[in-house]
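Read off the chains here:
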Amino acid sequence: MAKRLIPAFNRILVEKIVPPSKTTAGILLPEKTSKLNSGKVVAVGPGLRDKNGNQIPVAVKEGETVLLPEYGGTEVKLGDKEYHLFREDDILGTLHD
Amino acid sequence: MAKRLIPAFNRILVEKIVPPSKTTAGILLPEKTSKLNSGKVVAVGPGLRDKNGNQIPVAVKEGETVLLPEYGGTEVKLGDKEYHLFREDDILGTLHD
Amino acid sequence: MAKRLIPAFNRILVEKIVPPSKTTAGILLPEKTSKLNSGKVVAVGPGLRDKNGNQIPVAVKEGETVLLPEYGGTEVKLGDKEYHLFREDDILGTLHD
Amino acid sequence: MAKRLIPAFNRILVEKIVPPSKTTAGILLPEKTSKLNSGKVVAVGPGLRDKNGNQIPVAVKEGETVLLPEYGGTEVKLGDKEYHLFREDDILGTLHD
Amino acid sequence: MAKRLIPAFNRILVEKIVPPSKTTAGILLPEKTSKLNSGKVVAVGPGLRDKNGNQIPVAVKEGETVLLPEYGGTEVKLGDKEYHLFREDDILGTLHD
Amino acid sequence: MAKRLIPAFNRILVEKIVPPSKTTAGILLPEKTSKLNSGKVVAVGPGLRDKNGNQIPVAVKEGETVLLPEYGGTEVKLGDKEYHLFREDDILGTLHD
Amino acid sequence: MAKRLIPAFNRILVEKIVPPSKTTAGILLPEKTSKLNSGKVVAVGPGLRDKNGNQIPVAVKEGETVLLPEYGGTEVKLGDKEYHLFREDDILGTLHD
Numbered sequence: 133m134a135k136r137l138i139p140a141f142n143r144i145l146v147e148k149i150v151p152p153s154k155t156t157a158g159i160l161l162p163e164k165t166s167k168l169n170s171g172k173v174v175a176v177g178p179g180l181r182d183k184n185g186n187q188i189p190v191a192v193k194e195g196e197t198v199l200l201p202e203y204g205g206t207e208v209k210l211g212d213k214e215y216h217l218f219r220e221d222d223i224l225g226t227l228h229d
Numbered sequence: 133m134a135k136r137l138i139p140a141f142n143r144i145l146v147e148k149i150v151p152p153s154k155t156t157a158g159i160l161l162p163e164k165t166s167k168l169n170s171g172k173v174v175a176v177g178p179g180l181r182d183k184n185g186n187q188i189p190v191a192v193k194e195g196e197t198v199l200l201p202e203y204g205g206t207e208v209k210l211g212d213k214e215y216h217l218f219r220e221d222d223i224l225g226t227l228h229d
Numbered sequence: 133m134a135k136r137l138i139p140a141f142n143r144i145l146v147e148k149i150v151p152p153s154k155t156t157a158g159i160l161l162p163e164k165t166s167k168l169n170s171g172k173v174v175a176v177g178p179g180l181r182d183k184n185g186n187q188i189p190v191a192v193k194e195g196e197t198v199l200l201p202e203y204g205g206t207e208v209k210l211g212d213k214e215y216h217l218f219r220e221d222d223i224l225g226t227l228h229d
Numbered sequence: 133m134a135k136r137l138i139p140a141f142n143r144i145l146v147e148k149i150v151p152p153s154k155t156t157a158g159i160l161l162p163e164k165t166s167k168l169n170s171g172k173v174v175a176v177g178p179g180l181r182d183k184n185g186n187q188i189p190v191a192v193k194e195g196e197t198v199l200l201p202e203y204g205g206t207e208v209k210l211g212d213k214e215y216h217l218f219r220e221d222d223i224l225g226t227l228h229d
Numbered sequence: 133m134a135k136r137l138i139p140a141f142n143r144i145l146v147e148k149i150v151p152p153s154k155t156t157a158g159i160l161l162p163e164k165t166s167k168l169n170s171g172k173v174v175a176v177g178p179g180l181r182d183k184n185g186n187q188i189p190v191a192v193k194e195g196e197t198v199l200l201p202e203y204g205g206t207e208v209k210l211g212d213k214e215y216h217l218f219r220e221d222d223i224l225g226t227l228h229d
Numbered sequence: 133m134a135k136r137l138i139p140a141f142n143r144i145l146v147e148k149i150v151p152p153s154k155t156t157a158g159i160l161l162p163e164k165t166s167k168l169n170s171g172k173v174v175a176v177g178p179g180l181r182d183k184n185g186n187q188i189p190v191a192v193k194e195g196e197t198v199l200l201p202e203y204g205g206t207e208v209k210l211g212d213k214e215y216h217l218f219r220e221d222d223i224l225g226t227l228h229d
Numbered sequence: 133m134a135k136r137l138i139p140a141f142n143r144i145l146v147e148k149i150v151p152p153s154k155t156t157a158g159i160l161l162p163e164k165t166s167k168l169n170s171g172k173v174v175a176v177g178p179g180l181r182d183k184n185g186n187q188i189p190v191a192v193k194e195g196e197t198v199l200l201p202e203y204g205g206t207e208v209k210l211g212d213k214e215y216h217l218f219r220e221d222d223i224l225g226t227l228h229d
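Chains as they are written, first to last, in our numbering: chain A, 133 to 229; chain B, 133 to 229; chain C, 133 to 229; chain D, 133 to 229; chain E, 133 to 229; chain F, 133 to 229; chain G, 133 to 229.
One chain only, chain A, in its complex shape (with noise of 0.2 Å):
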C-alpha cells in the first residue's frame, strides 16, 4: 500500500502534470501549447519558522496547480506513483482557468 508523505517545512509534494499531446477530438497540438512545466500540489508541509519561532504557513495550497521550474525539485516514488518534492520559493506561480 501506498504511503503518505508529510512534507518538511516549506516543501511542496507536486505530481507532474504530462501534457496532452492530442486534445480529446484527437488532433495533434502544436509544440507551444505543450510546453508549460506544472504540477499539482498533492501536499504541502507546515512552512518554516521566522525569527520568532512563529510558523509562516505555506502560500500554496492543496489541489492548486502550480508552475514549476525547468530544473531542480527531489523526484520520490509513493506507491507505483511518481512525485517531486520543491521548496515553496522554487515555485514560479500558481495558475488559474
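Keep in mind the hints are simulated off the structure, nothing from the lab. Since we're looking at a predicted model, the values are computed, not measured. Just to be clear, a hint being listed does not mean it is correct.
Claimed, not checked - Some chain A residues flagged as far from chain B (calculated, every beta-carbon gap over 12 Å):
id, residue
1, Lys-135
2, Arg-136
3, Val-150
4, Val-174
5, Lys-209
6, Glu-214
7, Glu-220
8, Gly-225
As the list claims (entries may be wrong) - For each label pair, taking beta carbons as the anchor points, the in silico distance ranges come out as:
id, chain 1, residue 1, chain 2, residue 2, range
9, G, Gly-195, C, Glu-147, 31 to 41 Å
10, B, Gly-179, E, Pro-151, 25 to 35 Å
11, B, Pro-201, F, Pro-151, 28 to 38 Å
12, A, Gly-179, F, Gly-179, 30 to 40 Å
13, D, Asp-212, B, Gly-185, 41 to 51 Å
14, F, Pro-151, G, Glu-147, 15 to 25 Å
15, E, Lys-148, G, Lys-193, 26 to 36 Å
16, C, Asp-221, D, Gly-185, 26 to 36 Å
17, F, Asp-182, A, Glu-194, 37 to 47 Å
18, A, Asn-186, C, Ala-157, 41 to 51 Å
19, F, Ile-188, E, Lys-148, 41 to 51 Å
20, B, Arg-181, C, Pro-151, 32 to 42 Å
21, A, Lys-209, D, Ile-188, 44 to 54 Å
Ideal Cβ placement from N, Cα and C applies to all residues, glycine included.
Go by the hints and put chains B, C, D, E, F and G onto chain A.
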C-alpha cells in the same frame, strides 16, 4: 484556452516589447533606438514577507513598462503567447513617456 | 556494548530502512516499490537556538519514518549497527501509512 | 521621443562624462587629468526598504557628479543618448569643485 | 612543562580516543567496532556572543565523550600530548554508555 | 583645477606614503624599515547605516595615518595627484608616533 | 623611531614566539615540543560594533599568550620588529602555565 498565472512571492510576469524596426510611416529606425530591452507588466505576485511576517507589496504595477536586464528571467508559455517571469529586484526601472 | 548517541543541536540519528526485495509470501517486488530512501528516527538532538537564545525543538520525533535525501548524512557505527546522522532541514518529510 | 526612466530601488541613472582631451583654449591635456571615471546623476530610484519596511532614500542626488567604479553598471539607451545604471553602493563618491 | 589551553569562543579541545584493536582479554576486535571517531572533551571555550551581546555557553561539557566529524579540526600539541580543536557545531553528538 | 571627492558610505580616501629610501642626513635605510604600507587619510565618507537607519560614523579620522592592506583599494586621480579609496573595514589599523 | 599601531575593529597585533630549539641548559628539544604556533598579544583593537551600535570589546587582552592558526594573519613591520595582525575570531585560544 489560455491559463492565467499568478506569480509567486515577488515575481513579475512580463510580456517583452519587440522594438519596431520601422516607424509607422515606414522609415527604418537606426540601431540605437531599437536596443532597449523592455516589457509590459502583465501580472505581479503578492510580494515577499518581511522579518515580522508582513507582506511587502511589489513596487511595480500591472500595465507599467519596465526596463529588463539583458539576461535572466524564466520563459513561460501561456496559450500561444510567450511571457517572462522576473523577480522584482531584477527589474532595472520603469519607463514613462 | 553499544554506546548511546545523543545527536548535537538539530541533528537526527536515523537507521536506514532496507527495502524488502520480496514480499513475505516470496513474490519478487518490481523495482519501483523499492526505490524509496527512508529511515527510522532513532534519536533526535535538542534543536538549534534562535536569536533570543531559546531552543527550537526538532520537528521530527523518535520512532517516525522519514524520507531521506539521496546524498548526504554522516555514517556512524554504534556496536555492530550502522546509522546515519542528518541535520533536521535535510529531511524531506515524514512517511505515514 | 525619448522615454523617461525611473530607476528601481537604489539604482541610479548616470550620464558618463567624457573627459575633454583638450582645454577650451586648445591645449592638449596630459593623460593623468583625463583618467577620472565620473558621471552626472540623471535620475535616482526611491531607495531600498529596511527591515521595518521603511524606505531608505538614496544618498546621491540628481545633478550631482559621481565617481564611478571602473567596471560594472548596465548600459541603457534612451532616445539616442547612452546612460548607465548603477546600484547606489557601487558609487565611490561624489565630486565637488 | 605542558601549558594549559583555554579555547576561544565556541571552540572545544578534544583528546582523540584511539580505539583498542584487542579486548582486554586479548581477543582481536572486528573492524566494525573500531570505526567510531570519538574523543574526550578536555577544555571548552566560553561560547559565542548572541545578537544582544550575551554569551551562549557551549552545550558540550568537559569530560564528555563526543562523536567527531571524519575531517576538520586543528591539531594542537601541548607538552608531549596531541589534541584537536573543533568548533562546537562541528561536534556530531555525545556518546553515553 | 583639482576636484574635491567626498567618499560614499564607509569609504576612505587615502594618500599613500612613499617610504623614504634615505634619511634626511642621506643615510640609506635598510629594507625592513621601508616595508610598511601606510597612507594619510584625506577624506572620509559619512558611514554606513545600521539596521535602524542610523548612520555609523567612520572610526578613522581625516589626517590620521593608517596601515593599509597589501592588495585592494581603488586608484583615483584628482588633479595631478594619485589617491586610493578603501572601505573602512579594509583598514588594518592606525599608526601613531 | 618605531611607530605604535592601534589595530582596527577586532584585530589583534601579535608578536610570534619563536620556540627555543634548546633548553637553557643546552639540551636539544625534541621536535614535538617546538611545534606550537603561539604569540604574545602586543595590542588589541577596540572591537566590532553589534547591531545596536555598541562596541563588543575584544576578549583577548594585551600581554596574553595566544594559540595562532597555522595560516593567515597579515605581516607588519614596525621599526625593525616583525608582527602579525589577526582578527579576534582567528585566535584558537589562550595559553596559560
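Here is what the structure says about each hint:
| no. | hint | verdict |
| --- | --- | --- |
| 1 | Lys-135 | holds (28 Å) |
| 2 | Arg-136 | holds (25 Å) |
| 3 | Val-150 | holds (16 Å) |
| 4 | Val-174 | holds (18 Å) |
| 5 | Lys-209 | holds (26 Å) |
| 6 | Glu-214 | holds (23 Å) |
| 7 | Glu-220 | violated (8 Å) |
| 8 | Gly-225 | violated (4 Å) |
| 9 | G:Gly-195 to C:Glu-147: 31 to 41 Å | violated (53 Å) |
| 10 | B:Gly-179 to E:Pro-151: 25 to 35 Å | violated (56 Å) |
| 11 | B:Pro-201 to F:Pro-151: 28 to 38 Å | violated (46 Å) |
| 12 | A:Gly-179 to F:Gly-179: 30 to 40 Å | holds (38 Å) |
| 13 | D:Asp-212 to B:Gly-185: 41 to 51 Å | holds (48 Å) |
| 14 | F:Pro-151 to G:Glu-147: 15 to 25 Å | holds (22 Å) |
| 15 | E:Lys-148 to G:Lys-193: 26 to 36 Å | holds (31 Å) |
| 16 | C:Asp-221 to D:Gly-185: 26 to 36 Å | holds (27 Å) |
| 17 | F:Asp-182 to A:Glu-194: 37 to 47 Å | holds (42 Å) |
| 18 | A:Asn-186 to C:Ala-157: 41 to 51 Å | holds (49 Å) |
| 19 | F:Ile-188 to E:Lys-148: 41 to 51 Å | holds (44 Å) |
| 20 | B:Arg-181 to C:Pro-151: 32 to 42 Å | holds (40 Å) |
| 21 | A:Lys-209 to D:Ile-188: 44 to 54 Å | holds (49 Å) |
Going down the numbered hints, you'll see the structure goes against 7, 8, 9, 10 and 11, while the others check out.
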